[in-house]
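Peer 1: Listed here are the chains, written in short residue letters.
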Amino acid sequence: MKSLTLDHASYWYAATDSSALRAVSLDVAQGEVVALVGALGAGASTLLLVAADLAPRVIGGRLEGSVSRHDRSGIVLPTPWTQVSGMAFTVWDEVAFGPANLGWPAHEIARQVDRALERLELVPLASRDPATLSGGELQRVIIAAILAMDPGLVLFDEPAAELDAEGAALLWRLIRLLAKEGKAILLATSALDALPDVADRVVWLEDGAVRAVGTPDLLAEGAACDAGLGTSVATVWRTGGLPAPYPLTVAHAVRGRR
Amino acid sequence: MTGSRLHPFTLLAIAGALPALAWILPAPDGAAATLVVSLVLTLTPGARLGLTGIGASPGWRRRLVVFRMALLTAAPFWLFLLLLHDVPTTIATGLRITTMVATFVWLVAVLEPARLVEAMVAAGWSASIAYLLAATLSAVPVLKARAQRIVEAQRCRGLSPRGGIPARLRALQALALPLVLSALHEVDERALALETRGLVPGIRRTPLAPPHDPAAERAARWALLLVCLFTLVRRLIVQHPS
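Protein chains in written order, with this note's numbering: chain A, 1 to 258; chain B, 1 to 242.
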């Protein structure tokens, strides 16, 4: 079942003439992880804002085409320190801020918060003041805060930007787990090397429009490598002058050599 | 009882009553009395660590920081009053303004925004309005911390906040512009974040830990209101007898 459907969606930010999204058609099914890739300014963050019903409803601007959402969405933005509520003096309260706003009973809030803290390995930090956390810890708190609201559609905008390698690995595993539980995931990321293991589909955006859609194998194609959107292994392979098809990951490369 | 353990509405009532009485009571005696009370309040325990500059210092030192901050914030008002008015007017108005400033500084130091939101939501207020009020109170330490970070960053780039007036003005500009622009930028992002975290008009937020509101405190709040009204009426009758 589709969780999100965009049909020829175009979007203009307020007071601009050029569109940030151009006739984008895309759907995300429950249980599916769709990754948005593209150069800076390609429109991935804008697409997430439209999908989250924040653009144009909250930030203004103009939308053409249609956007259908069948699940409640939650979005994780790239800068964690602007996403804290400012109303909580412990990590537990920070994560509970969203569920409390949904008016859930206290026991359900506690259940969801404890579960989210556990999933993001934040239990030892539950009583810490969010203001004392590192950027990576705070990013995990924000992700937990969104997951505690149990959205059916989870939107991630560069979620690994503040995370170290261990934190990023935890996040990618969690995203696959969320998809397995039936959540629809739309992910904008420049961590291309993670996508072969995380994404079911990759959408390549260019100048606000969809240039290509495919499996993560797309990230090993020559055109993607030329645009700086190939995985590290594919890019090295190509730069080294080795023949196509380029391997997507080290495992693919090893298999190919055998 | 420490200031921060009082119910948030009680703290707000005290913070409202003292400045009101400072302006209602005849100066300088009445205003001096309210100022003494407000300065004593700044020395009571309960200041939050979040108030920048307090840090993890021991209790008495923390209280002195709040006391000193109140006086330092009020000092420029005295200077302007002295330039504009004669000495008696300066004293009368200065005492009143200092009461207002000291009470506000004390309130910011002792009132936890989260407790205020919980109290307002438990009392049936809209969560959005509660957040707006609490965010205003928590903005002072946040902006101060950010200003400090910007000053440090500008120093790293060779800007000195010391020297003559032109140098200080340049330093002020280098502080004010990034401070205002970054605050505006953050407002946009925070609005999006709060929206996605369910803080929208018309919600019925679940109070997580509503502060205890004892009957004695409720009575004290009503008493404060009555004292202010009584003093106001008495002052009007004394000043304008029929």
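Source of the hints: derived by calculation from the structure; they are not laboratory data.
Each residue gets a CB set at the ideal place from its N, CA and C atoms; glycine is no exception.
Heads up, a few of these hints could be off.
Said to hold, decoys possible - Under 10 Å between C-beta atoms, here's a sample of chain A residues computed to sit facing chain B:
#1 Leu-40
#2 Gly-41
#3 Pro-56
#4 Val-58
#5 Leu-77
#6 Gln-83
#7 Phe-89
#8 Ile-109
#9 Ile-142
#10 Glu-206
#11 Thr-235
To be verified - These stretches of chain B come out as covered by chain A in the derived footprint (C-beta under 8 Å, 3 or more residues):
#12 18–30
#13 64–73
#14 188–195
Peer 1: Now tell me if each hint is right for this structure.
Peer 2: Here is how each hint holds up against the structure:
Because the beta carbon of Leu-40(A) sits about 18 Å from the nearest beta carbon in chain B, more than 10 Å, this interface hint is broken. Checking Gly-41(A) against chain B: minimum C-beta separation of about 18 Å lies over 10 Å; hint violated. At its closest, the beta carbon of Pro-56(A) sits 12 Å from a beta carbon of chain B; the interface hint therefore is violated under the 10 Å criterion. The restraint placing Val-58(A) at the interface with chain B holds, with a minimum CB-CB distance near 5 Å, inside the 10 Å limit.
Given the 10 Å rule on beta carbons, the hint for Leu-77(A) holds: about 6 Å separates it from the nearest Cβ of chain B. A least Cβ separation of about 4 Å between Gln-83(A) and chain B falls short of the 10 Å threshold, and the interface hint therefore holds. Interface restraint check for Phe-89(A): the shortest CB-CB distance to chain B comes to about 6 Å, inside 10 Å, so the restraint holds. For Ile-109(A), the shortest C-beta to C-beta distance to chain B is roughly 6 Å, which falls under 10 Å, so the interface hint holds.
With its C-beta approaching chain B no nearer than about 8 Å, Ile-142(A) sits inside the 10 Å limit, and its interface hint holds. At its closest, the beta carbon of Glu-206(A) sits 25 Å from a beta carbon of chain B; the interface hint therefore is violated under the 10 Å criterion. A cut of 10 Å between beta carbons decides the hint on Thr-235(A): the least distance to chain B is about 32 Å, and the hint is violated. Judged by the Cβ-Cβ criterion of 8 Å, the stretch 18–30 of chain B is not covered by chain A as claimed, because only 0 of its residues qualify and three are needed.
For the stretch 64–73 of chain B, the stated coverage by chain A is not satisfied: 0 residues place a CB nearer than 8 Å to a CB of that chain, which falls below the threshold of 3. For the stretch 188–195 of chain B, the proposed coverage by chain A is satisfied: 8 residues have a C-beta within less than 8 Å of a C-beta in that chain, meeting the threshold of three.
The structure fails to meet hints 1, 2, 3, 10, 11, 12 and 13 from the earlier list, while all remaining hints are met.
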